[in-house]
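Heads up: the protein sequence lines correspond to chains L and C, in order.
Under the numbering used here, the very last position in the first sequence is 362; numbers go up by exactly one each time.
Under the numbering used here, the very last position in the second sequence is 83; numbers go up by exactly one each time.
Heads up, a few of these hints could be off.
Said to hold, decoys possible - Here are some chain L residues pointing at chain C (derived, C-beta under 10 Å): (1) Lys79; (2) Ile264; (3) Phe324; (4) Gly345.
Just so you know, the hints here were simulated from the structure itself, not pulled from any lab data.
Ideal placement from N, C-alpha and C gives every residue a C-beta, glycine not left out.
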Amino acid sequence: MHDVINAAANFINLDTANIVYLFLVGFVGGLVSGFIGSGGAFVLTPGMMSLGVPGLVAVASNMCHKFPKALVGAIKRAKYGQVDVKLGIVLGISAEAGVLYGAQIQENIKKAFGEAGSNLYVSVAFVVILAVVGTFVLIDALKTYKSGNTNAEEKVTKLARWVQSVNIPGTMVYFKSINARVSVLFTIPLGFATGMLAATIAVGGFIGVPSMIYVLGAPSLMASATELVIAFVMGLGGSFKYALSGLVDIRLAMIILAGSLFGIQLGAIGTTYVKPFMIKVVMGVIMVTVLFSRALMVPVYMSQLGMITEIAADTAKMLKSVSFGIMIFALALGAFIVLKAMWQGRRAEKLAAQEAYEHGKV
Amino acid sequence: MSHGNVKRKPVGKMLLMGAISVTLYALLLLKQDVLNQYIGRGGMYAFLPILTAFIFSFVHGSFTGDFWTVMGIEAAKKKKEVK
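Construct the complete structure from the given sequences, taking the supplied hints into account.
What follows is the structure in structure tokens.
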């Protein structure tokens, strides 16, 4: 009984304003996830915490909205022929192991260096990984845009060609998205890294999608759609793990899901109107913007750990607010690009249909 | 309506799933204390949030999918131009 009271104390009171806020953030997060396969979680977890939800409950509830959302998104995009279920499951299972390992590392860091140490680790991981991968993705998208070949088939990278050429007997599996046989000895570490990142910064897709594109050689559309399968597998396992400890606030998870299912359907529809390089544009822009958000918090945590001179409480508070503001801006910017690209695609299709109709009449 | 409109819009299905979805959400909020108590226990009750999530995703997912179709927002009609 005592446990029940303790657990119930983890769950906040929900008023209408909170419900509307969670619904809207869920919608925008869902829209971006439907398009690039992940995203949104990096805003949702701190967003819930800003309402007074304890950190672990926020992480658990976020996961419990993620897997049903990813399931709906994956089914929708499978209808468009964009999902490689086999690759998603193979990567998803190794990602699950990565999540468990990543969570263990987090716990150890927390034990050794406290809350500030754990926050610093998360922020530095954010900054370093997003700086390297985000910049790479964005530069690649810009190159495609500048080349004027946005309609051309995506080129498979040299690295991916090499990965596809390596033959390790007994480990080779055919994946339809890559249209080649690849050794699982390559996919396992990639999935593991995706899971570790998911456990650390809540968005495994920032490693998962670029690795499918650049290391395995999958087209952007298929990589982002397959990421939804990985998110489902990871989210289901993660939710169950947290649910065993009674940490899931099902009300928060389902309210976010209410908004995010509207969003994910729209984001998935959006992928049928855009050129593949737009996936990279949205992903790169979000990653590079979020990077600044986390970078702002690094000095705050460093000062808490005594690594640099102390930062005044007011300044730390201001940095925290600006950091959260930039995160919301990153998500909103991503959603704006998705909607704009979709609107342009729809308009072009309508014009083409009208033209064809008029030609037919003449 | 426009000339290419051959497919009927799933208005009835959308309304039905929408009504079920609203009912589920009303129940979730009205019975939140009981739900939180059971889910907060963890252990074998871990199946409860997972099952709830699956039910909501099926009902609300079907409703939101039909919602956009009824609103006229559907996937591009052309076959994928880039493979």
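To see whether the hints hold, each was checked on the structure:
no., hint, result
1, Lys79, "8 Å, holds"
2, Ile264, "8 Å, holds"
3, Phe324, "27 Å, violated"
4, Gly345, "7 Å, holds"
Checked against the numbered hints above, the structure violates only hint 3.
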